[in-house]
Structures are given as C-alpha cells and as structure tokens.
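Peer 1: Quick note, the sequences are listed as chains A and B, same order. Residue 152 in the working numbering sits at position 152 of the first sequence; the count goes up by one each step and never skips. Residue 35 in the working numbering sits at position 35 of the second sequence; the count goes up by one each step and never skips.
Check each hint, because a few of them may be wrong.
As the list claims (entries may be wrong) - When the alpha-carbon atoms are kept at most 30 Å apart in a straight line, the in silico DSS-like pairs for lysine-lysine are as follows:
{"id": "1", "chain 1": "B", "residue 1": "Lys244", "chain 2": "A", "residue 2": "Lys80"}
{"id": "2", "chain 1": "A", "residue 1": "Lys80", "chain 2": "B", "residue 2": "Lys151"}
{"id": "3", "chain 1": "B", "residue 1": "Lys203", "chain 2": "B", "residue 2": "Lys151"}
{"id": "4", "chain 1": "B", "residue 1": "Lys244", "chain 2": "B", "residue 2": "Lys233"}
Hints in this document: simulated from the structure, not taken from any laboratory.
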Amino acid sequence: MMIGALWRGASGMRAQQVQVDSLANDIANVNTTGYKQVRVGFSDLVYRPVMEAGMPVEQPQAPGSTVSLGTGVKVASIVKDFSQGALVQTGEPLNLAIQGEGFFAVVNGAGERFLTRDGNFHRDADGNVVNDGGYYLAIPAGNNQDVPLNLPPEAENINVAADGTITATVNGQVQPLGQIYLYTVSNPAGLEAVGDNLYRLTPACGQLFYGAPGTAGNSETTGTPGPVLGTLRSGYLEAANVDLAATMTRMVVAQRAYELNSRTIRVADEMWSLANNLRR
Amino acid sequence: MLRGLYLASTGMLVQEMRQDVISNNLANATTGGFKSAVATVRSFPEMLLQRLEKNQAIPIGPFSPGVMVDNIYTNTEPGPLTETGHATDLALVQPGVGVSPAFFVVRTPGGEAYTRNGQFQVDPGGWLVTAEGYPVQGQNGDIYVGTTDFKVDAGGRILVNGQVVDQLRVVTFANPALLQRQGDTLFTAPGAQALPAANFQVKQGWLEESNVDLARELVDMLAVLRSYEANQKVIQTEDQTLAKSVNEVGSLR
Chain A
1 MMIGALWRGA SGMRAQQVQV DSLANDIANV NTTGYKQVRV GFSDLVYRPV
51 MEAGMPVEQP QAPGSTVSLG TGVKVASIVK DFSQGALVQT GEPLNLAIQG
101 EGFFAVVNGA GERFLTRDGN FHRDADGNVV NDGGYYLAIP AGNNQDVPLN
151 LPPEAENINV AADGTITATV NGQVQPLGQI YLYTVSNPAG LEAVGDNLYR
201 LTPACGQLFY GAPGTAGNSE TTGTPGPVLG TLRSGYLEAA NVDLAATMTR
251 MVVAQRAYEL NSRTIRVADE MWSLANNLRR
Chain B
1 MLRGLYLAST GMLVQEMRQD VISNNLANAT TGGFKSAVAT VRSFPEMLLQ
51 RLEKNQAIPI GPFSPGVMVD NIYTNTEPGP LTETGHATDL ALVQPGVGVS
101 PAFFVVRTPG GEAYTRNGQF QVDPGGWLVT AEGYPVQGQN GDIYVGTTDF
151 KVDAGGRILV NGQVVDQLRV VTFANPALLQ RQGDTLFTAP GAQALPAANF
201 QVKQGWLEES NVDLARELVD MLAVLRSYEA NQKVIQTEDQ TLAKSVNEVG
251 SLR
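Excised from the complex, chain B in its bound form (with noise of 0.2 Å):
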C-alpha cells in the first residue's frame, strides 16, 4: 500500500518536470536557433519481490518502484529559415537527414560557445558579435568588418569591399549528445572535441527560427496535465484505501 503511494508520487514528479521543460520549450517559440528539449522517461530498475515461508524466500515477481526522468534531450534538428535580409543575419544549412549539426562558434569569457542563432550585429569597434556581445569566431579569431555592408559566401567567408577578411569557423561534434545548454542560445562542449564542419552552406540575409513544435507541445502539455491528474487520483485511492484499513477493519462499535 505504501509503496503504490511512492510510486504514484514519483509519476507526479516527473509529469512535473516534463512541464518544466515543456514550459521552457513554448517561452522559446520564437527564440532565433533555440533548440527544443524532451524529457525522456524510464521507469526504476526493477527489483525482484520475494516473500518469506517457512524461513525461505521465494520470489513473486519483479516490481518497478515508479519512474523518473532518464534524461534531457535536446532536439538538434533545423528550425525553419527565415529570410529577413539583413546583411548581420546569417543562417547555417547542411543538406541531408539526421547530419551531425554544425554551429557557429563565439568565444565567451568562459571559453568557447558553440550557437545556432546567426542573429549577428557589429559592435562600437566593428567586430562580428553575438547580441550578448560576445566576438563570433573566424579562422583567425575574432571577426573585424568594420561595416554593416559585408558579403558572406556560402563557404563562410566574409568580404568587406570585395576583400576577403575571414572565414567563419563552423564545426560539428561527433558526438552532438555531449552538447550542454548555456543559455543566450549558446552550447558548450565540455569533454568533446569541436571538429570543423563539412558539407555545410552559410545563408546571408536568413534567419533559423526556433525549432519548437508547437502542436506536439501542447499535445504534450495537455498529457502531462492528465497524467498527473491520473497520477494524484491514484494517491487519493490509496489513500482512501489506507484509510479504510486503519480506521474501519477491525475497528469496534
């Protein structure tokens, strides 16, 4: 009886955090190059009930004590692009399914940051940043143009009045799992190896947008909601049931 209570508690609280993540998926909709997240869940590790006769365990079947949160996946699918035509505006594509995905990448006080959202803007010294100001990264460094008034090829190489200035550095990760959330649309790679990227295309002038499914979200929100209604029935009928057993069986009147 006590252990249906856990675990039904347990299924409260993951519901709970899949509305955290859900939640924070949808105040990101229109987030340039935000990436959604899943939660993905899994119950306990089974263990194995036994029941003890005459001095002798005898197993009855495995039991799971609940769920829990396995992890928090992040969706490193293509957002839809936009095209705003803004010369700071730049939008990374890579033909092909399932492709490792490729990033920008800007240097923070941190260390090296790894983003999808082009939504660039030159600084008071005319340096390439990010909206946070942090310099986003060319083959040497940070980027200088000057101007607002550059060119950016498909190969990532930027020109200022004609003359090639630099070539972005876009990389890739064999193992795109690894990637942690920063924050200001930033990734870091902590423990993975950032590699430079092929087959890849630089759109000038294109935004990526947010790839939140909005109509899977709200399918997912409404499900978390009933699953954790279902879940907190289940603690009531426990309750109830517990209750009838200490105050009705064996009572006297």
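So that you can see chain A by itself, here it is in the shape it has in the complex (with noise of 0.2 Å):
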C-alpha cells in the first residue's frame, strides 16, 4: 500500500513536470512571431476496487457500489492555444498579420506545405514572396498543387489589403498584383509544430479548407464551406499569445504542486519506515 502513495507522489510530481516544460518553452518564445502557447491538461488515472482479503474495508451497504482508490494522475492532452496574440507594428508591407482563423501556407523547396501564423514575408531575388526560412508563400493552384507568389521587381508601393488582393506601382501605374489566400484546418490541435514557427499537416488535422480573408473557407478536397477565416493586416506581426502573468501564476501553482506531492512521497516513506521499525 505504501508503494501505492509512493507512485501517486510520482505521478503527481511528473505530471507537474510536464507542465512546467511547457511553461518554460512558453516562455522562451514570448517573443517569437506567431508563437501559440500550449495548455496542458491532467486527468486521473484508473481506480482499482480495494476488497482484497485482510484489508479492513466494510462491504458498503449500496448495492454494486464499491470503495475504489484512484492511482495517481496522467497528462490527459498537450493542446495548442490557437487565440490571437497581439499585433505589432512593422511597417513593412510584406509584414502580414492575421486578424481571427486561419493560416499562412509556405512551401519548401521539396514542396511540402507546411502552415504558419508567421507573416513575416518579404521579396527574394527572383521575386516571389518568400518566409524567413526561404519557403515561399503558396497560392493555390487547383488539383492540391500551389504556386509561388511572384511579384515583379520593378512593383513599388506594395500593398495588401485585408481581403488578401495586393495591389503595388508597376511602371507608374497602380495594378493589381495577385491574391494572398488563407487556409485552416477542422482540427488545430491535429497540427505538428515542427520549429521555425511551423506546423506540418497530419492524418489527425481533418479537412483543410482555404480561402481568401474574411471569406469562409472551402474544403480543398470536397469543396463543403468550412470556418470563416480571417483578415490580413499589412505592415503588422503578430506576436505570441503568451500570457506572461498567467504563465508565470501557472508556474507557481505547477511548483506547489511538485511540492505537495515530494510531501506525499516523504510522508509514505516515513510511514514506511515506521513499519520497518516495528521492532527494533
């Protein structure tokens, strides 16, 4: 039985771990573009029935009740905190910020697609618009295949407006340049954040849809309307969603808690020892 307090203690301690991993990657990235926090949730674990022989416990009276003890806690889920974070100016017309769902999709140079709220774009040589890491910001093209945003070198004045059109000066006169479109997922939580602001499409994502902003999204595969995405802000970033007084209000309570259970797990190892000493 000893044992059994031993490894609830245990469970508590590494469940509080957990959380205060995450809190300390949160915090690492309170200043990294388009960074979400994560929540960590807990859960009990399974409660076995205590009738065993020579253990003092009365049959209860209800029927088909029994007397149960719980055997510690898990970390039930790992989810992505999608809400918005702040906007920051930049000034730099390339600079998107998303305002509401959805996300920018980039595409390496393997043509994976891979989804960001990291809109910190800008020009490459031959003109397309490209993320800090070189992908380049994908448009769709039908048949799941995307292509590169080009805008021509000598366009000047870019601007893009909160439904995605980027209009710019090409040769003294103002022209439409293209469209910036949005894409989002049935499930956020089904994402994989690989770094670099990143997150890779996975089986557990759902349908993705796309759209331009402020438009609801269609499903990419069935063409069924989903979430209505949201609007673009030019010369904006969004910063991360970290909380910085909640996160660190969340430390304290994750520390209290590894405290309480090291307490647990020394209070059975004294009553273990107890037992030990019974005789002398």
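Could you use the hints to bring the two separately framed chains together as a complex?
Peer 2: Below, the structure written as structure tokens:
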C-alpha cells in the first residue's frame, strides 16, 4: 500500500514536471512571431477496488457500489492554444498579421506544405514572396497544387488589403498583382509543430480549407464550406499569444503542486520507515 | 495482549489507506473537474467480552477489535471556476448549496460515462470530444461542430454560425453516492438512472478546477502520519510487555 502512495506522488511530480517544461517553452518563445502557447490538461488514473482479503474495509451498503482507490494522475492532453496574439506594427508592407482564424501556407523546396501564423514575408531575388526560411507563400492553383506568389521586381509601393488582394505601382501605374489566401483545418490541435514557427499537416488535422481572407474557406478535397477566415493587416506582425502574468501564475501553481507531491512521498516514506522499525 | 497487537495493526492499515486516498487527491490537485475523496473510518462492530467463572459466562463489557475503512466517499462539491476564454472549455454552474451535481455525458467504449471536466476538444472529424477522445453527448448523440468557433448558451445549446446544431445532455442523479470513478475524470453509474438535470447553467470559456482542499489534505496527511506513528508505538509497547511476561516473569536465575 505504501508503495501505492509513493507512485501516486511520483505521478503527480511527473505531471507537474511536464507542466513546468511546457511553461518554460512558452516563456522562451514570448518574443517569437506567431508563437502559440500550449495548454497541459490532466486527468486521474484508473481506480481499483480495495475489496481484498486482509483489508479492513467494510462491504458497502449500496448494491453495485465498490470502494475504490485512485492510482494517481496523468497528462491527458497538451494542446496548442490558437487564440489571437497581439499585433505589432512594423510598417513593412509584406509583414502580414492574421486577425481571426487561419494560417498562411508556405511550401519548402521539396514541395511540402506547412502552415504558419508568422507573416514575416519578403521578396527573394526572383521576386517570389518567401518567409525567413526561404519557403514560398503558397497560392492555390487547383488539384492540391501550389504556386509561389510572384511580384515583379519593378513593383513599388506594394499594398496588401484586408481581403488579401495585392496592388502595387508598376511603371507608374497601380496594378492588381494577385491574391493571398488563408488556410485552416477542421482540427488545429492535430497540427504538428515542427519549429521555425511552422506546423506540418497531419491526418489528425481533418479537412483543409482555404479561401480569401474574410470569407468562409472551402474544403480543398470536397469543396464543402468551412470556418470563416480572418482578415489580413499589412505592416503588422502577430506577437506570441503567451500571457506572461498567467504563465508565471501557472508556474507558481505547478511548483507548489510539485512540492505537495514530493511531500506525500516523504510522508509515505516516513510511514514505511515506521513500519520497518516496528521491531528495533 | 495479543488482541491489542492486532487492534493497533488495524489502526496502521487504516491510516495507510487514508494516506493512499490523500496522495491521490494531492496528485490531482490541478486536474480539471477532479473530485476529492475522503476515507471515512469507523470501528469494527463491538463484541461483548465474557468471563467464564464457575462454568458460568459473566459479561464484562463491550470490546472493539479495531478500526476499518467504512467507505471512500467522493466529495462532489463544485470546484472553483477559472476563465480561459476557450470556446471548447465548458463549466457547469448550479445555484444553491448541496444540490445533486450535474454532469456532462460522454460516450466511452464501456458505455455512458459522466464528467465535470469540461476541457473538450474538436477531433479531426469535427466532433466535440474529451481529452481522451470520447464523444461528448448531446440530445441527438455525438455532437458535430466542425470548427472550434462555436457558441454554447447557458442552457447548453450549441450554435455554429448562429444555428443551433444540438443541445448538451446534462444529467444528474437521485443518489450521487452510487457513482463510481473510472479514471480520466469520468464517473459511471451502474445501477442508477441518469436524470435530465434542471436548474443548471453552462458557462463557455470557463473551466472547473479540482475541488481538492490543499490545506485540509495537508493537515490530514500530518494527522495520518502521527496517528500511524502512535499505533506503531502501541505495537512496540505491547511487544515489550509481551517480552517481559514471556522472558522475565517466572524465569529462573
């Protein structure tokens, strides 16, 4: 039995350790553009009945009910919190922030598509709109294909409207140069964070929807309508959505909970020692 | 003498089990919707001791052979609420004191289960599920929302794009003592009928925290430790007395 109390305490310490680790990662990324904090959810472990021989437990009066002991705690979920981060002004027209739901899709050299909330884009030597890692901003071309958004080198005074339309002055004339689309999935919790502010699409994401900012997206495969996508703010970047005050508070709670569980282990150990010293 | 030994040992066993319950409560001090447990202790049924004298049984009074755990009782009082702002976080609020607790209904492979932990998610298929992936139940069974952008009103109706898609099933029990714990912050109710709950409110963007009272658990834990120690001392004393009577009384020197 004493060993049971030890394991319960250990399960609690381990769970709080995961909480502290995730909070530490949130704090480390407090200045990362488009970073989304994570939430750790706990749940209790299975209960086992204590109707055993030699156990001083009375049979309960109520039929069908059993006296049972819990066996500790586990981390049930670690979920990204995709709520909106604050917008920070940069003045750069190709710095884009999303207000509302949705992601930018970027494609790497191997043709793999990633989603990101980090809108820190610029033009590369070929005029393609790329992110810091050189991945190009994807524009859907049908049949699950993407093409890069290309802005001619002579384009000046680039302007991105809230609905994603791009205009620029080319050879003294204001011209439309294209359209930025936003993507979203039915289950953002299924996105796999792969670092560099990027999320990889997994089968757990469900359907992928895309559309112009401010409209309801359409499913890429079935064409069914999806959630309403957010709008773009040109000249802004989305800051991390880490709430430092709340994170520090959670850190204190996690530390105290860790201490409590280490105390249950100490007490169980002391009780065990008392039992061992029955005969000195 | 030997009776005293056994009596004190039942005391130690009971304190061990209380420590098991407390350690589980403390491990779940930050588990959403967790309900703390208390081991209630009572003495074994008393028996009448009798003395034989001149072939006659003369009663000399009652004697208890120790203590045992009467029940491990779940404290179903609501835990404090915290605001999270997440659409998928739901909490049940019931006005009044001592009302029978209301629960969300989830579908598990083992049948219906009930939970107060409203930290739900939208799964890849667009269904509203618990952290373990069990579908939350509405009036029409599993609830399809398709997006995390939905509203839940105080009555539990779920609105996607302003359209009511379903209403959460919220149930209560005439006798909450029949609920059994399953882990994953779920309860089952074998042998009890789930009744539709009345007089409750669903709060979206809020979560119910664990109802573990840390100060009380810590005090209980210290009481457990000291009581365990006292019982150990009793056993040692009994043992010493026994040693005296066996080894010293009537020994030849």
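Peer 1: None of the hints should be skipped; say for each whether it holds.
Peer 2: To see whether the hints hold, each was checked on the structure:
With a CA separation close to 68 Å, the supplied pair lysine 244 of chain B and lysine 80 of chain A exceeds the 30 Å bound. Note on lysine 80 of chain A and lysine 151 of chain B: the hinted pairing holds, with a Cα-Cα distance of about 20 Å set against a maximum of 30 Å. Only pairs whose Cα atoms come within 30 Å are accepted, and lysine 203 of chain B paired with lysine 151 of chain B is accepted, the gap being roughly 10 Å. Of the supplied pair hints, the one linking lysine 244 of chain B and lysine 233 of chain B holds, its CA atoms being roughly 16 Å apart against a limit of 30 Å.
Comparing the model with each earlier hint shows a violation of hint 1 alone; every other hint is respected.
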